[in-house]
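Undergrad: Working from the sequences, and respecting the hints, build out all of it.
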Amino acid sequence: MPDLGISVLFKGKNLPRLLGGLWAALRISLISVVISFPLGILLGALMTLKNPFVKAAMRIYLEFIRIMPQMVLLFLFYFGTTRAFGWDLTGETASVIVFVLWGTAEMSDLVRGCLISFPAHQYETSEALGLGKAQLYRYIIIPQAVRRLIPLSVNLVTRMIKTTSLILMIGVVEILKVAQQIIEANRTASPNAAFGVYLAVFFLYFIACWPISMLAQYLERKWG
Amino acid sequence: MDWNFIYRNLPLFGKAALLTVKIGMAGIILAILLGLICAVIRHLRIPVLREITSFYIEVSRNTPLLVQLFFLYYGLPKIGVPTDAGICGMAGIAFLGGSYMSETFRSGLESIESVQTESALSLGMNRFEAMCYVVLPQAVSVSVPAFMANIIFLLKETSVFSAISLMDLMFTAKDLIGLYYKTTESLFMLVVFYLLILLPISLLGSLLERRMRYAGFGD
Amino acid sequence: MDHVTKRFGNHTVLDDISLTVHRGEVIVVIGPSGCGKSTLLRCINALEKIQGGEIKLGNEKIEYGSKRLPSLRQKIGMVFQNYELFPHLTVLGNIQLAPVKVQKRNLAEVQAEAIGWLDRVGLEGRENSYPRELSGGQKQRVAIVRALCMHPEILLFDEVTAALDPEMVREVLDVMLALAAQGRTMLIVTHEMRFARAAADRILFLDGGKIMEDSDPETFFTHPQTERARRFLSTFQFDNIKKL
Numbered sequence: 001m002p003d004l005g006i007s008v009l010f011k012g013k014n015l016p017r018l019l020g021g022l023w024a025a026l027r028i029s030l031i032s033v034v035i036s037f038p039l040g041i042l043l044g045a046l047m048t049l050k051n052p053f054v055k056a057a058m059r060i061y062l063e064f065i066r067i068m069p070q071m072v073l074l075f076l077f078y079f080g081t082t083r084a085f086g087w088d089l090t091g092e093t094a095s096v097i098v099f100v101l102w103g104t105a106e107m108s109d110l111v112r113g114c115l116i117s118f119p120a121h122q123y124e125t126s127e128a129l130g131l132g133k134a135q136l137y138r139y140i141i142i143p144q145a146v147r148r149l150i151p152l153s154v155n156l157v158t159r160m161i162k163t164t165s166l167i168l169m170i171g172v173v174e175i176l177k178v179a180q181q182i183i184e185a186n187r188t189a190s191p192n193a194a195f196g197v198y199l200a201v202f203f204l205y206f207i208a209c210w211p212i213s214m215l216a217q218y219l220e221r222k223w224g
Numbered sequence: 001m002d003w004n005f006i007y008r009n010l011p012l013f014g015k016a017a018l019l020t021v022k023i024g025m026a027g028i029i030l031a032i033l034l035g036l037i038c039a040v041i042r043h044l045r046i047p048v049l050r051e052i053t054s055f056y057i058e059v060s061r062n063t064p065l066l067v068q069l070f071f072l073y074y075g076l077p078k079i080g081v082p083t084d085a086g087i088c089g090m091a092g093i094a095f096l097g098g099s100y101m102s103e104t105f106r107s108g109l110e111s112i113e114s115v116q117t118e119s120a121l122s123l124g125m126n127r128f129e130a131m132c133y134v135v136l137p138q139a140v141s142v143s144v145p146a147f148m149a150n151i152i153f154l155l156k157e158t159s160v161f162s163a164i165s166l167m168d169l170m171f172t173a174k175d176l177i178g179l180y181y182k183t184t185e186s187l188f189m190l191v192v193f194y195l196l197i198l199l200p201i202s203l204l205g206s207l208l209e210r211r212m213r214y215a216g217f218g219d
Numbered sequence: 001m002d003h004v005t006k007r008f009g010n011h012t013v014l015d016d017i018s019l020t021v022h023r024g025e026v027i028v029v030i031g032p033s034g035c036g037k038s039t040l041l042r043c044i045n046a047l048e049k050i051q052g053g054e055i056k057l058g059n060e061k062i063e064y065g066s067k068r069l070p071s072l073r074q075k076i077g078m079v080f081q082n083y084e085l086f087p088h089l090t091v092l093g094n095i096q097l098a099p100v101k102v103q104k105r106n107l108a109e110v111q112a113e114a115i116g117w118l119d120r121v122g123l124e125g126r127e128n129s130y131p132r133e134l135s136g137g138q139k140q141r142v143a144i145v146r147a148l149c150m151h152p153e154i155l156l157f158d159e160v161t162a163a164l165d166p167e168m169v170r171e172v173l174d175v176m177l178a179l180a181a182q183g184r185t186m187l188i189v190t191h192e193m194r195f196a197r198a199a200a201d202r203i204l205f206l207d208g209g210k211i212m213e214d215s216d217p218e219t220f221f222t223h224p225q226t227e228r229a230r231r232f233l234s235t236f237q238f239d240n241i242k243k244l
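Residue numbers (the working numbering), protein chains in the order written: chain A, 1 to 224; chain B, 1 to 219; chain C, 1 to 244.
Some hints here could point you the wrong way.
[Stated by the list, open to error] SDA-like cross-link-like pairs, simulated, lysine to any residue; straight-line CA separation at most 20 Å:
{"#": "1", "chain 1": "C", "residue 1": "Lys104", "chain 2": "B", "residue 2": "Glu129"}
{"#": "2", "chain 1": "B", "residue 1": "Lys182", "chain 2": "A", "residue 2": "Ala84"}
{"#": "3", "chain 1": "C", "residue 1": "Lys67", "chain 2": "C", "residue 2": "Lys104"}
{"#": "4", "chain 1": "C", "residue 1": "Lys61", "chain 2": "B", "residue 2": "Asn126"}
{"#": "5", "chain 1": "C", "residue 1": "Lys101", "chain 2": "B", "residue 2": "Thr117"}
{"#": "6", "chain 1": "C", "residue 1": "Lys49", "chain 2": "B", "residue 2": "Asn126"}
{"#": "7", "chain 1": "C", "residue 1": "Lys67", "chain 2": "B", "residue 2": "Glu129"}
[Claimed, not checked] Pair by pair, the computed Cβ-Cβ distance ranges are:
{"#": "8", "chain 1": "A", "residue 1": "Glu124", "chain 2": "B", "residue 2": "Val144", "range": "28 to 38 Å"}
{"#": "9", "chain 1": "C", "residue 1": "Thr226", "chain 2": "A", "residue 2": "Glu220", "range": "45 to 55 Å"}
{"#": "10", "chain 1": "B", "residue 1": "Val81", "chain 2": "C", "residue 2": "Ala163", "range": "54 to 64 Å"}
{"#": "11", "chain 1": "B", "residue 1": "Leu18", "chain 2": "C", "residue 2": "Lys101", "range": "41 to 51 Å"}
{"#": "12", "chain 1": "B", "residue 1": "Ile79", "chain 2": "A", "residue 2": "Glu220", "range": "32 to 42 Å"}
{"#": "13", "chain 1": "C", "residue 1": "Thr219", "chain 2": "A", "residue 2": "Glu220", "range": "54 to 64 Å"}
No lab work stands behind these hints, which were simulated from the structure alone. All of these numbers come straight from a predicted model, not from anything done at the bench. Yeah, the Cβ is synthetic: ideal placement off N, Cα and C, and Gly gets one too.
TA: Here is the structure:
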């Protein structure tokens, strides 16, 4: 049985290091989620306003962020800002900025889609029942919107986590970088370590995302 | 902005864009086939195969493409599977995209009410004919917008190809930044070329979606 | 049909039903909701599996899942409550699909027949419209034409006017009355009592999965034999208004 790198995982501090790398990736997505979700909700609500300037500006921001690969955005902020403004962003900071911008765009689109999907008769019925505007939102719109929004935003969290794998490319030390280091360090002792170590990374990402996906599916079924 | 530099490196970016589109599209076609097969398996509830496809879909949807590619490209050769970067890129897109396409087709199939099938059966069609003439054409047109969104998503995902040393747009941009410090120009080209690839597909997608909504399928 | 029983789980929907439909007969099935009327039709077309008894068309047994089913179903025309036109096809496309693809008949001949029927049911010039461009009553008439163009031996109508606005009910019922007058074999489930009285040769009153009454319309509507039928018919009267 050739050594496929499974043993490398359990050598020294390799497994804790790998987990530390995963945490570095998760932390960036967590920070970005915490910042971008409230911003996204605010922006999504703003987008339902009729003001044409607000609408046009939002639209351009949204479309640009959503059509560009996240990798390109990372490059733009990591390399571009140094050049344009002389900022010297660390990889982590650039990643958080990009994920916040991207997360806000995605979230605001979910919120907007959710708010405009209410059929007019819901508003009309509430008015006919004599509910005021605040009451309308408090009792009718927001409870329904939240139920629709939560599964979708939970899904967005897994997308964020998966996308953090890209920050390797702008030099952030996260799980894939740690994996590369481990493979490199054990090059002579176990030349086939790449198989086992990358399989472990694959598995760890799955462990991180799968429960969240299941939660989203469960909520969707429960409230769908 | 050094326009001369941009002009000189235009062919380089063109070649890189072509590579992205070529490998991406091949992967997407495979993903569509894979997705269609999985969707039919899950829709018809074929035992055993159904469990396997569910497992595949969960794994594929809950891991990043970059990690999938690292495993394919650097991991597999260690157990004696020879790999080629192009084939890995294609396989990665197919593996990732298959699950997304499958979900799209499946929800398309499920959106067609069973009484439509019954109506076809009552006209003397067999199950296969009912599927071909009545259910599938409707399911496919219902899924068109989601289907286009998947294609855009997958083309965007190809931006990680540079990690397995495919000379795509990212690779080229990074290379030029490293060689000549022409950051602004390289990033500009990068954005422009991605827009050239993605914008037409995105516009086509919203056009199709609007037409579908206008058509008002069903009632 | 002979001693047919249909159960959903523990719930018996059709309980030992025996019925013979003669050629050229128009039978109207009525009864309270949930009495099994629609299930009866669905069983005849083998859209539901039956747990007991057998159903025959002529001498041939209609069996759920059998290989012969598609060809038998060609002889049974069925019209559904919500029309179930195929939304991706035009009116003509809907009508000609099965005759051409399944019965392998000549396209031109089928089209000529379809257009002839469309004219007769008041839909001249609509053959290239899509279902979404038609009103409910028009869609239902197309669905009837679609069934007719298969040259069925018997037509099943499953509450075909239940989803229609009142002013459209008439145009569909008129078509059905005309078909009845042509001497076609028809089995109709409906809530339109006046239509039932005008069109039927026989009335079946179903309740609790059993045939409670099987008589000619005059007898049924003037002297219903069972208490249940009397009570059912009285729900269509508005003579005694309760005070809240």
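Undergrad: Checked against the structure, which of the hints given earlier come out wrong?
TA: Per hint list: zero violations.
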